[in-house]
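Q: Take a look at the letters that make up each chain.
Protein chains: 2
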Amino acid sequence: MSYVAPLKDMLFVMNELADLAAINALPGCEDATPETVEAVLEENARFCGEVIAPLNQAGDRHPSVWKDGTVTTTPGFKEAFRAYAAAGWQGVQHPADFGGQGLPKLVATPCMEMLNSASLSFALCPLLTDGAIEALMTAGSDQQKEKFLPNFIAGKWTGTMNLTEPQAGSDLALVRTRAVPQGDGTYKISGTKIFITYGEHDMAENIIHLVLARTPDAPEGVKGISLFLVPKFLVNEDGSLGARNDAFCVSIEHKLGIKASPTAVLQFGDHGGAIGTLIGQENRGLETMFIMMNAARFAVGIQGISVAERAYQKAVAYAKDRVQSKDLEGSATAVSIIHQPDVRRMLMSMRAQIEAARALAYVGASAFDIAHHHSDEKVRDAQQAFYEFLVPIIKGWSTEMSIDVASTGLQIHGGMGFIEETGAAQYYRDARILTIYEGTTAIQANDLVGRKTVRDGGAVARGIIAAVRATESELARAATPDLKAIGVHLAAASTALEDVVAYVVANIQSDIKGVFAGSVPYLKLAGIVLCGWQMGRAALIAQAKLDAGSGDAKFYQAKIATARFFADYFLSQAGAYRSAITGGSAGVLALDESQF
Amino acid sequence: MSYVAPLKDMLFVMNELADLAAINALPGCEDATPETVEAVLEENARFCGEVIAPLNQAGDRHPSVWKDGTVTTTPGFKEAFRAYAAAGWQGVQHPADFGGQGLPKLVATPCMEMLNSASLSFALCPLLTDGAIEALMTAGSDQQKEKFLPNFIAGKWTGTMNLTEPQAGSDLALVRTRAVPQGDGTYKISGTKIFITYGEHDMAENIIHLVLARTPDAPEGVKGISLFLVPKFLVNEDGSLGARNDAFCVSIEHKLGIKASPTAVLQFGDHGGAIGTLIGQENRGLETMFIMMNAARFAVGIQGISVAERAYQKAVAYAKDRVQSKDLEGSATAVSIIHQPDVRRMLMSMRAQIEAARALAYVGASAFDIAHHHSDEKVRDAQQAFYEFLVPIIKGWSTEMSIDVASTGLQIHGGMGFIEETGAAQYYRDARILTIYEGTTAIQANDLVGRKTVRDGGAVARGIIAAVRATESELARAATPDLKAIGVHLAAASTALEDVVAYVVANIQSDIKGVFAGSVPYLKLAGIVLCGWQMGRAALIAQAKLDAGSGDAKFYQAKIATARFFADYFLSQAGAYRSAITGGSAGVLALDESQF
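For the protein sequence lines, the chains are A and B, in the order given.
Mapping of the first sequence onto full-length UniProt numbering: position 176 corresponds to residue 176, and the numbering continues sequentially without gaps.
Mapping of the second sequence onto full-length UniProt numbering: position 280 corresponds to residue 280, and the numbering continues sequentially without gaps.
Think of the hints as simulated: they come from the structure by calculation, not from any bench.
Check the hints yourself; a few may be wrong.
Which copy is meant is left open, so a pair is good if it fits within one copy or across any two.
Each computed SDA-like pair below joins lysine to any residue, with the alpha-carbon atoms no more than 20 Å apart [to be verified]:
| id | residue 1 | residue 2 |
| --- | --- | --- |
| 1 | Lys545 | Asp456 |
| 2 | Lys78 | Ala58 |
| 3 | Lys78 | Ala478 |
| 4 | Lys554 | Ala506 |
| 5 | Lys326 | Gly450 |
| 6 | Lys326 | Gln509 |
| 7 | Lys223 | Arg176 |
| 8 | Lys554 | Ala586 |
| 9 | Lys378 | Val505 |
| 10 | Lys554 | Ser170 |
| 11 | Lys326 | Arg176 |
Remember, it's a predicted structure, so these values are computed and weren't measured experimentally.
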């Protein structure tokens, strides 16, 4: 089997760190009982492992192909998507009213992780559809919801996000696509959109494009952008498919990775105008798109964890299998390379980063669920603020680490890692998009600095650091050297984070460029501290289980060792980040353009 | 122009840090006058920029092709290699006696850097030939030298290194290829060699394979390995080409990168036995191969600098060209992204690592020249020890950084970076082999720990740290805040290195696995400190030039800012490495195999 879902770790994180029981107790989450959740995860693991995972390498070797405006996906993808839809997986986290399973995000998140481990390229189609569902749920009219949501959730139709244009990437103020009202409630859309994931394919009956465009009288900049729903095939009143709309795929990209996922250039309105309807209000498109984008950013963070996990499993298998060199402590013959200390270091580095990122992401999902279901508004608001603080970190940190982990996985394979047939190189190529799409790491860091830290004067950040401090105290009181060592590293790291938050808040007015010069290091520091915090919590719980003599001792021992590794190798970097952020901006900005 | 050689920085490093004048004063280096050196570099820069650099992307799109045992290289490569040979570039560093230019390694090194920046794939053919020349110079018989060296140096024939077999990669003890003496001074070679760079191609008249193999009575392990010379076409007494030898390319690999460079599986002796002659003595093959490998490791370190430089130049061009988002300090319209602080941070990170690695490598080349030409044996020995200490660091650190730099370059391109047509992704793929071939980073780190640190009880390491301390003192006495800040970071970092060297020496007996668990972090720490040392030296010299009002002020100011950045962002990491190395081995080694 090429991918075995890490159910044990997933369930540990869900139960012990993200408090599934508390989520299950929330109004509207009654279905998420331990038994149901375990059954859902096991079935999802089986499906992803048996049906999707075997398609991943095929997708790399036989990418989607464009011909005369149509895209043929990798052999097997169409059938797999039908099976995915038929099993109801598209609906896991969506409302039962429209045919979904209505399970919490905390349960949907491991499912998302498994699907993406099985195949990033495949999973992008459901991921984008999730975003379209989220947008319609938030801002769609009742008619739009009734017409589109059941088909999305049933996996009959899929969704896309159309933001980017050749001149408008990170900067959506530059969007030029036009939408002209026709007086009948519809608009005619015209323009070019690029980098549209699954913008054209053969896996579903219809494709529903969500498109950012400007109406004729719209103001300049981001305040003049509206969101439109533009189906590939128009939908009749009775829900049947009508005429082909004027939205055509003129080419797809030749990419470094995720090759099975078609990345389309879409041309709207070259033949008379593509017909679309407004979602929400005119000029408020970006707000809705941001809701969709936050969900998508969280999901891309999960993609980072997913591809890293897959790369890790492959590297472990190779390290156990490949015999080379004697054991340093004197075996007579060559042994498998997992006996080599540096191979161990690499595997532990992969494992520690994955487990830490998973813990933080699932805790984030749990916060999202509380923010949406808790009866107390204050609790909801606090958890929403916590979740929103985490999103850029989950997206930025998990994806940056995924590139490192995939590269380390390749390294463990030695020369074989560089040969495409081996498969390790695919993860290195696939992962490389994750720090770019749905907002580059710099865009995430801007969000963390601007909206999430400066806007409230660092209040949410300081609240989180206080929670970290509580874990530190517990670790300091613990009886074992491992827990104590983790506590020492965590204390130093959270102090560094506290200093940096203070620096950011204090200097944003007087030295805006200096602060933003350190924005990505700040995001990485926050990622290290918050991930290390979760690993510290995990180690405390694992030690308590060991002390109580309950459960799988090997698993808990490994959790503590992994947390210890994370502290030694990652939390220890916090001081360097602080130094670079608070002292390094002069060097970043010293040169003028001509000196490069 | 897609590549412009950074001659200004090269000459600064050669003259100011690597003391070209002192090299020129050595016996046998009289030709390396400032005028000659500058002329050679300028002509090499022109050749690499105009003839080789334009072939690089073609090599990626149209890799070498294998058919029926023969390999056809990328269109244009054959002609370019003829031009390379005709201009005498293969002979830059080789003896005039055999047709070379006999210039010092310090002069050959920038030439090597330029050729590799132009095309890693192309440069591998001369690189391997350099290795073969080195091996024959060291251990070849007079007859072998006369027969082969002039043809190598003239670029008529090329060389290969045949070490790896399917079961023998990092562990050469497992080599099985056999060599049976025929009683006439020749041997019949049989076996399979894999990953043979330019093992078959159409760019030269003959290919000379240097092959590790075992004679029938050889002892087990690495002490039973001999080195053989096995030409593709046998060479007659008069030097003309004779019969086709029984050494055939049965396939080439489908690789992640450096696709134009054919990576061959060679089958020796399937049709009666390949005829070879012994190089040096029986069972001493590994010693000669190590000489060749040390030269090749240094060269691969240069490859890291080269591909990083090329990626940097591309990223700078894109950052100046791509308009997106307003300036943070309030421009009315969108500006080029080089105005964004995070883009600056990324460019500075690339630039700082490249300049630092270049400085260390050229200083290493200078040490090599002194070790080979100085009249005082003590000086020779000391410089040889310094050079040998540096080789694993230059190889390991420069190649690890090249992956980071290529990845950062891709990131600066945003979504376009992920599209293959853009070209940034090629560097990310090409660079990925560099930490693997000629000994993985772990193998370099083993060398650094075992042969270079433990064997002399850390004496050479401590001597180098003492030299770093002298630079620190100068920085501490300097008048500017930048130099002082660099000095503070350098002092903390060199203390960390000192502590780690003491830890390695003290614990190697009692805790060998624990020490090797930190071997790669030790290599990286040593790289950071020694590169930071060179940047500190560079900053001092730049400041002196500025104080004197001589030369290009913009260049010297940029050098100081870049050194400052290196200190803030890289030297600051030293403490984390120390902590991981000295405190982190327990976590690395805690799990048993079943826990992975």
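Q: Confirm or reject each hint.
A: Hint check:
1. Lys545 x Asp456: neither (39 Å within a copy, 48 Å between copies)
2. Lys78 x Ala58: within (13 Å within a copy, 35 Å between copies)
3. Lys78 x Ala478: Answer is neither; intra-copy 53 Å and inter-copy 68 Å both fail.
4. Lys554 x Ala506: For lysine 554 and alanine 506, neither the intra-copy (47 Å) nor the inter-copy (32 Å) Cα distance is at most 20 Å.
5. Lys326 x Gly450: Classified as between; 15 Å across copies, 53 Å inside a copy.
6. Lys326 x Gln509: between (59 Å within a copy, 17 Å between copies)
7. Lys223 x Arg176: For lysine 223 and arginine 176, the Cα distance is within 20 Å only inside one copy (13 Å; across copies 71 Å).
8. Lys554 x Ala586: between (49 Å within a copy, 16 Å between copies)
9. Lys378 x Val505: Classified as neither; 25 Å inside a copy, 58 Å across copies.
10. Lys554 x Ser170: neither (46 Å within a copy, 32 Å between copies)
11. Lys326 x Arg176: between (63 Å within a copy, 17 Å between copies)
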